[in-house]
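Q: Below are the chains, spelled out letter by letter.
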Amino acid sequence: MNKIWLIIQREYLTRVRSRAFILSTLLTPVAFGAFIGLQALFVTYKGGDAKHVVVLDEGNYIKTGIPDTREVRFSKAPANRNLDSLKNDVRAKKYDGILRLPPLANLSVKKQTLFYYSDDQLSPDIERTLSRKMEEKIRDFKIDSLHLDRKTLEELDTNVSLDPEPIDKEDKNASTLTSGVAVGISFFIGILMYIIVLMYGAMVMRSVMEEKTNRIVEVMMSSVRPFQLMLGKIIGSAGVGTTQLILWAILNTLVFIGVSAMVGVDAAATQPGMDGVANGVDASQAQELFPQIMDEIARQNWWYIVVVTILFFIGGYFLYASMFAALGSAVGDDMGEGQSLTFPVMLPIIVAFLIMTSVVMRAPNSPLAVFASLFPLFSPIVMPGRLAFDPPVWQVVLSVLILLGTAVFFVWLSGRIYRVGILMYGKKVTTKEIWKWLFYKG
Amino acid sequence: MILSVQNVVKTYGDYMAVNHVSLDVPKGSVFGMLGPNGAGKTSLIRMITTITAPDSGVIYLDGAKLHARSPEQIGYMPEERGLYKKMKVGEQLLYLGQLKGLSKVQARQEIEHWFTKFDIKDWWGKKVEDLSKGMQQKIQFIATVLHKPKLLILDEPFTGLDPINTNLIKDEIGQLNAAGTSIIFSTHRMEQVEEMCDHIVLINKGKNVLYGEVGAIKNEYKENLFRVEFQGEAPADFPDRWVVKDRKNHALTFQLENDDQSNDLLRHFIQKGARITRFEEILPSFNEIFIKRVGETE
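Here the protein sequences line up with chains A and B, keeping their order.
Under this note's numbering, residues 1 to 442 are what the first sequence spells out, in order.
Under this note's numbering, residues 1001 to 1298 are what the second sequence spells out, in order.
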C-alpha cells in the first residue's frame, strides 16, 4: 500500500510540475478568454459606417419616415427623382445604394420582390435589416389600405406555454423550462465525462508507454508488483486530471468575468443566433427567461446529480484508464501501432457519446437510452446525461453496480495483460497474443 | 547459501523458458550465469527477483522462501535498464530507494554516501536527460545498490560502458563482494567470467547444463595439455603415450594420459639436456567449455 502511495505521488508530482501540464493548464483559459473576447468584438462589429440607402418608393408604402438602424441610414427619394438620376447620385457617392419598392399587384400578394442597386456586395446583416424594415412597412400599408383595426390585430396573437403538471409525484412540479434545462445539463455532464475519459485515459497510456521506452520498467518491477505500478499510475493520473479540471473551472470563470467586464458583453450579445426579433423572442423576454432558467437549474437535485455523477466518473475512469494502461503496455515504443490499437477502445466511448447526444436528449426513457445507461461501456457517459431527466432510481443503482463491478473486473483483466506486456520487447503484439497473456501464470 | 533454486519451471504458453533448473549460490560468492541469447537466463532472473513466479519449484533467498519483501534484499540491474529521463537525479534515487523499503531519511543518507564516493555531489538537482550516458550509468548503479542488498544481480552490467566506468563499477562490485554481498553476474562474455567469478552455471535451452566451482569445472574439462618452452635442441623422441599436439620452435605442447605424468615429461626434457624456460598446464578457456557444452546439449 505504501508503495502504491509512493507511485501515486511520483506520478502526480512529476506530471503536475511538467512544462506540458503547466502550459496546457494556463493556455486553455487564455484561449477561452481570447475566444469569447473576440467573439464579443466580432458580434458587435458594425462593418464600418452605417450604409446610406435611398428608398425609391414607387408603391407609395411609406407614409412616415423610416427610422435609422445601427447598420442603415434611410433617406426617402424626392418624388421628382427617377432610378437613373439616383444611380448617378450613387456613382457620386452621395448614397451607398438604392432600394426600389415596386407597387403591389394587389393587396393579397404573399410575395413581393424589392430591388437593391449598388455595385457593393450586399452584406447579410444589411439585407436582413432592409427586408425586415420593408416587411413592416408593407404590412402597415396593407393594414391601412384594408382599413383594419391595428389594436384588434394585435389581440389575435396569443403566446402559448406548456406547463407539465404531475399526477402522483407531488414533489415534481416542473415548469415549461425543465426539459430544456435538463437537456443543457445532460449535454454538459455528458461532454465533460467524454473529455475526461478520453483525455486522461490517453494520459495513462502515454505514461505507461514512456516507462517502457525508457527501459525503467524492469527496474521498477524488481521493486513493486506490476499491478501496484499500474494502479498507482491510474490513480495518480486521476489526481492530475482532477487538479487540471479544478484549475480550469476557476481560471475559466475568472477569465469569463474579466473578459466580460473588459468588452462589456451581455450574455445575449455573444450569441449571434439569438437576434431577438428573428427568433420571435425579444431582448426583454430573454431577460425575463434568464432568472427562470437559473431558478430551474437551482431546482435540480444537485446533491443527487453530483454524487451519482462522481460515482460514474470513478467507474468510467477506472474502466477505460485500465484498458488504456493495458494497451500502452502492449504496444511499447511504436506510437503508430498504439494509435491503431487505441481505436477499439475509443469506439465505445464515441458510440456512447453519440447515443447521449442524439438519443438520450430527445427520448431519455426510450429502450435504447435505458439499455445504454445500463451497459457498462456506455453508462459512464450516458447515465449522467440522463440524470437531469430523472430516471427511475432502480436503474441508476443497477447501472452504478454494474459499472463498478465491471470496472473492478477490467482493472484485474488489464493487470494481467499489463504484467506481461510491460516486459515484452521487440515483438509485434497481436490481439491473439494479448489474449494468451491473460492465461499466463504468476 | 544466499540463494537456492530448486527444480524451477517456467512456461509461456507452449514455450518452456526454464526447464527444471536447480542451483545454489554460496554466500559471498561471485556467481556467473552464462548462456547464449534466449537460453532462459532472464526468465530465471525474473523469478529470482520476484518479477514473475515459477510454475513449479521453489526459490529460497537466504534460507527463506521468496516473499513480498524479498525484493528489498535484492539489487537488480537488468539488461534492459533505464531511468526516468525527466526526473531529477536526487528525487529519482530517493523514489527508487523508498520503493526498496528505505525510509526517506535512510535513502537520503545512502545517496549522499554514494555521491561523495563518486564525487558527484552537485548532481542532485540535475535532470537525468541532461547527463551523459556514462553519468547515467553511475546513477543506475547507485540505484541498484542503494538499499544495501544481500544479493546483487547484474545482467550484462558492462554493455555500453566505457573502459573507465567499467573499471569503476568492477572495483565497486569487488568492494561490495569483499564486504559480504553475494553477486550473480549474467553475461555471455567469457573473459569476464574467468576474471571475476568463483562459481558458474551454464544455461542452455532452459536447462542447467553445467554448474559448479570455476576451478573444478576447468579441471573437469581439461585435456591434460602441457606446454614446454625451452632453449637448445628439442629431444629427438618421446614415449608414445605423450602425443605432440603442437610443435613450434622452442615450444612443444603435449597431451598426456593423465596429469600426474607432468613431472615425467619435465624430467624427460631435463635428461635430454634442454634448458627449460617455461612449463605450464593448459586449462581450457571458458569460451571453449561453453562452446563444447552448448554443442553437446543442442
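One or more hints might be untrue.
Below, computed lysine-lysine pairings styled on DSS-like, alpha-carbon distance capped at 30 angstroms [unchecked claim]:
#	chain 1	residue 1	chain 2	residue 2
1	B	K1150	A	K436
2	B	K1150	A	K3
3	B	K1088	A	K3
4	B	K1205	A	K432
For the record, the hints were derived by calculation from the structure and aren't laboratory data.
Q: Where does the structure disagree with the numbered hints, that is, which hint numbers, in rising order?
A: 1
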